[in-house]
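Peer 1: Sequence:
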Amino acid sequence: MKKTILVDLDGICADLFTPWLEQYNNLFRSGKTPVKIEDITDLDILKTKNVNGHIYKVIDGKTTPNFFRTLKPLDGAISAIKAIKKAGHNVVICSAPSRDPNSYSDKVYWVKEHLGIKSNKNIIITGAKHMVMGDYLIDDSPKNIAGWLETNPNGVAAQILWPWNVDSKEQIKADGWQDTKAAWKFILENIL
Numbered sequence: 001m002k003k004t005i006l007v008d009l010d011g012i013c014a015d016l017f018t019p020w021l022e023q024y025n026n027l028f029r030s031g032k033t034p035v036k037i038e039d040i041t042d043l044d045i046l047k048t049k050n051v052n053g054h055i056y057k058v059i060d061g062k063t064t065p066n067f068f069r070t071l072k073p074l075d076g077a078i079s080a081i082k083a084i085k086k087a088g089h090n091v092v093i094c095s096a097p098s099r100d101p102n103s104y105s106d107k108v109y110w111v112k113e114h115l116g117i118k119s120n121k122n123i124i125i126t127g128a129k130h131m132v133m134g135d136y137l138i139d140d141s142p143k144n145i146a147g148w149l150e151t152n153p154n155g156v157a158a159q160i161l162w163p164w165n166v167d168s169k170e171q172i173k174a175d176g177w178q179d180t181k182a183a184w185k186f187i188l189e190n191i192l
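Counted from 1, the sequence shown has number 59 at position 59 by this note's numbering; the numbering is strictly sequential.
Possibly wrong hints are sitting among the right ones.
[What the hints assert, rightly or not] Straight-line alpha carbon distances no greater than 30 Å define the calculated BS3-like cross-link-like pairs of lysine-lysine that follow:
hint, residue 1, residue 2
1, Lys86, Lys72
2, Lys57, Lys32
3, Lys85, Lys72
4, Lys86, Lys32
5, Lys2, Lys86
6, Lys118, Lys49
7, Lys62, Lys143
Quick caveat, the hints were computed from the structure, so don't treat them as lab data.
The task is simple: from the sequences and hints, build the whole structure.
Peer 2: Following this line, the structure appears as structure tokens:
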């Protein structure tokens, strides 16, 4: 049976946090202890020690135009998306925009360039993921997943574990961000 699988972009398909923190540390924390991925225990990134509002300048187009176009795929993501499509399922990339108005087009560009998803009907840029219907949601945000499961009670949620979502209660939890290829393999074994 054909399933609709909603897939987040940042932190699931694309490596958002490595370049984001690298640029933040270089631009705004020069000579100070760098902020690392392990330090982020809440997706409200301003709750992270040594982080201030300048962190958003990196992804809001203030310091790095077209930031989202430059992201590298997470290991295993591209082959996993291809495997889902090859199995006959409908893949819909469902990603939230940043404050940069160009993030919409940059994310669409990234998806078409890296994932080979050419149809705009398979790319949804929204901060209201709970309104998007599907059989599965693969996302790194516990808040997004909780909202989505409320409106999709028969849906199944999956995550790659990151420091900010280790305590979540999702059905499919793929350990972890240090080996995303293995995490994607685990997710595929559980949804295909």
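Peer 1: State for each hint whether it applies.
Peer 2: Tested hints:
no.: 1; hint: Lys86 - Lys72; in the structure: holds (23 Å)
no.: 2; hint: Lys57 - Lys32; in the structure: holds (18 Å)
no.: 3; hint: Lys85 - Lys72; in the structure: holds (21 Å)
no.: 4; hint: Lys86 - Lys32; in the structure: violated (47 Å)
no.: 5; hint: Lys2 - Lys86; in the structure: holds (11 Å)
no.: 6; hint: Lys118 - Lys49; in the structure: violated (40 Å)
no.: 7; hint: Lys62 - Lys143; in the structure: holds (27 Å)
Consistency note: the structure conflicts with the earlier hints numbered 4 and 6.
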